[in-house]
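2 protein chains.
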Amino acid sequence: MREIALVGAALLLAAEAGIAAPVRNEPIQPIEPAVVTDPAKVELGKQLFFDPRLSKSGFISCNSCHNLSMGGSDNLPTSVGHNWQAGPINSPTVLNSSMNIAQFWDGRAADLKEQAGGPIENPMEMASSHTLAVDVLQSIPQYRASFAAIYGDETITIDEVTDAIAAFEETLVTPNSRFDQWLRGDDSALTKVELEGYELFKSTGCTACHNGPAAGGNSFQKMGLVEPYVTDNPAEGVAGLTGNDIDRFKFKVPTLRNVALTYPYFHDGAYWELEKAVDVMARLQLGRKLAQEEIDKIVAFLHTLTGEQPTFQMPILPPSTNDTPRPKPFE
Amino acid sequence: MREIALVGAALLLAAEAGIAAPVRNEPIQPIEPAVVTDPAKVELGKQLFFDPRLSKSGFISCNSCHNLSMGGSDNLPTSVGHNWQAGPINSPTVLNSSMNIAQFWDGRAADLKEQAGGPIENPMEMASSHTLAVDVLQSIPQYRASFAAIYGDETITIDEVTDAIAAFEETLVTPNSRFDQWLRGDDSALTKVELEGYELFKSTGCTACHNGPAAGGNSFQKMGLVEPYVTDNPAEGVAGLTGNDIDRFKFKVPTLRNVALTYPYFHDGAYWELEKAVDVMARLQLGRKLAQEEIDKIVAFLHTLTGEQPTFQMPILPPSTNDTPRPKPFE
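From first to last, the protein sequence lines are chains A and B.
All residue numbers for the first sequence refer to this note's numbering, where the first residue is 1 and numbers rise by one.
All residue numbers for the second sequence refer to this note's numbering, where the first residue is 1 and numbers rise by one.
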């Protein structure tokens, strides 16, 4: 009794002193809050993230498909792109994406900065070009001033554009989920069923891939390891980059952080219900047919991975000028 | 000298006591800040305004075409609707729209509440139906709870949906522009050129239609009064409602508040430059060919009508459930 009291007092002192409490030794670790070192760059990145003038149409922004009101995703099987083209693959959430081993489902971009340049010039997505996007920004005095203040020069480059967007995206983490509260020692943060779900999640083998702070995002795995995954979606995964048959259907393991918000699931967005996604994963990846009660418990656990969503002021974008290249939504 | 000092002291005392200073007697009056009487309803309305699930595709929200990062407009000649259809007319700004005599360019909706129902079920815009939109909201427990708290019943109606959206839109006013500061007595708020622009704006006759707090929005006028307005846009204006030839090209006078942000101009969005819009208006409506110097001064004045943009936290939307009707972006 006395020892418990002493430990409790020590934890209290540690908390008061700002010393982190010991974290439970589990395959998933807590998400750390964002540390903003350059608020001006983050603010510029936020403006760019919300600015549809980075698209040819003037209608699509980063936030269109990575909607920060909706778990950093668009909640569609595949995204709507320029001229209403159906995107080839499900938009992954931008939340906690800085923790990914690489970006895109096939990992073809090394980091967020490299990723940010892709959709801008993808004819199926924003359908602009890096030159045009920079010309648009360069024509707007407030943007020129922001870039000059951060990068020391009024001449804007695409490298700076993607750097600022990445800086904003790095702040889009979701700490303090109920699961993280439990990881940090709060036994009351999870219900009995949720905790049983977590134990099942581990004993079934899910943590083999869904581990680390993001509960995923840190490895590439074959979709359909034990049983093949049946889909109409033509995406090849890493094989599309390497040309190696062994990499066919190898995708980056998605984060399970905020998974209750980022439906529909898998690279083709074919499954809307978390229950079905869990069933499919257990069967195809682990060769396990889970009972409905087990699935429900795991789903209850997965809901505890919803963290504090990034909240911020909606940005006010600087207006275009007479020199700004005009959007071409219908050309 | 002593009298001026006394007046100054009196104004100072009035300001300290929260008594409004006398407003200059001008055809345009200041915008009053929003008074929020039901913050829960406004917050719900904000969520709905940003929720793309009110559209068939799950991709288009009110904010898509009335983007609060961009002057409450989309800065496109006509809007992008469901399946990338080109809208029939320029999206008017939602900012200060509560001051409009009626809503839409032809005034076919009496107020914001009636307006809000239109785009949801317009097959060219959000392409949903009132029934489907309500079914979506009804399937989401957090929405049910919000509606119940405000309207006393968990059964959501389209009437409540549009009422909440209108309540949010009523807060979207832009007070304290430099022109309003001048109207309230601050002589230093406008430059000499801007003030000359305002005097020209009045002497040219612009205030005949662009008057009141919104500098417009309070009457219907024929577009092309002295000279005809040439456009490819088939919109008929009020004649489309009345069938009367005399109402052809009769449109609601748009507000000039934040006009520097709400390009391109006129019901067809055909003019991107404020200078050209002023030139066209003076010629077609007033039979006046303005000199370039006069145009530039009026444009300088118009820039002073940009007020404080509404700033607020980006809403976090409650997630869909397994019972939520799914979006159909590509059907």
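Be careful, since some hints might not be right.
Cβ-to-Cβ under 10 Å is the rule here; a few derived chain A residues that face chain B [claimed, not checked]: (1) N25; (2) Q29; (3) F50; (4) G58; (5) F59; (6) M70; (7) W84; (8) Q85; (9) D153; (10) T155; (11) G185; (12) A260; (13) Q309; (14) S320; (15) P329.
Taking lysine-lysine and the DSS-like style, the derived pairs with C-alpha atoms no more than 30 Å apart in a straight line are [claimed, not checked]: (16) B:K202 / A:K328; (17) A:K276 / A:K192; (18) A:K328 / B:K276; (19) A:K222 / A:K328.
Now the stretches of chain A that chain B is said to cover, found in silico as 3 or more residues with beta-carbon under 8 Å [to be verified]: (20) 141-148; (21) 261-273.
In short, the hints are calculated from the structure, not lab data.
Predicted model only: the values in this text are computed from it and were never measured.
Cβ atoms here follow ideal geometry from the backbone N, Cα and C, with glycine treated the same way.
Results of checking the hints against the structure:
1. Interface hint at N25 of chain A: violated, since its Cβ lies 31 Å from the closest Cβ of chain B, which is beyond the 10 Å cut-off.
2. Interface hint at Q29 of chain A: violated, since its Cβ lies 24 Å from the closest Cβ of chain B, which is beyond the 10 Å cut-off.
3. Hint status for F50 of chain A relative to chain B: holds, with the closest Cβ pair at about 5 Å, below 10 Å.
4. A distance limit of 10 Å between C-beta atoms decides the matter here; for G58 of chain A the minimum to chain B is near 6 Å, and the interface restraint holds.
5. With 10 Å as the threshold, the beta carbon of F59 of chain A comes within range of chain B, its nearest partner Cβ sitting at about 5 Å, so the hint holds.
6. For M70 of chain A, the interface hint holds, the least distance from its beta-carbon to any beta-carbon of chain B being 5 Å, beneath 10 Å.
7. At its closest, the beta carbon of W84 of chain A sits 4 Å from a beta carbon of chain B; the interface hint therefore holds under the 10 Å criterion.
8. The restraint placing Q85 of chain A at the interface with chain B holds, with a minimum CB-CB distance near 9 Å, inside the 10 Å limit.
9. A cut of 10 Å between beta carbons decides the hint on D153 of chain A: the least distance to chain B is about 26 Å, and the hint is violated.
10. The beta carbon of T155 of chain A is not positioned within 10 Å of any beta carbon in chain B (closest approach about 25 Å), and the interface hint is therefore violated.
11. Using the Cβ-Cβ criterion of 10 Å, the hint placing G185 of chain A at the interface with chain B is not satisfied: the shortest such distance is roughly 27 Å.
12. Given hint, A260 of chain A at the interface with chain B, holds; its Cβ is 6 Å from that chain's nearest Cβ, closer than 10 Å.
13. The beta carbon of Q309 of chain A comes within 5 Å of a beta carbon in chain B, closer than 10 Å, and the hint placing it at the interface holds.
14. A distance limit of 10 Å between C-beta atoms decides the matter here; for S320 of chain A the minimum to chain B is near 7 Å, and the interface restraint holds.
15. Because the closest C-beta pair between P329 of chain A and chain B is about 5 Å apart, less than 10 Å, the hint holds.
16. Among the hinted pairs, K202 of chain B with K328 of chain A is inconsistent with the structure: their alpha-carbon atoms are about 36 Å apart, more than 30 Å.
17. A hinted pair counts as satisfied when its Cα atoms are at most 30 Å apart, and K276 of chain A with K192 of chain A qualifies at roughly 22 Å.
18. With a C-alpha separation of about 20 Å, the suggested pairing of K328 of chain A with K276 of chain B holds against the 30 Å cut-off.
19. Taking the CA atoms of K222 of chain A and K328 of chain A, the gap is about 40 Å. The hint is violated against a cut of 30 Å.
20. With 0 residues having a beta carbon nearer than 8 Å to a beta carbon of chain B, the segment 141-148 of chain A misses the requirement of three or more and the stated coverage is violated.
21. Here's how the segment 261-273 of chain A fares: 4 of its residues keep a CB closer than 8 Å to some CB of chain B, so the rule of at least three is met and the hint holds.
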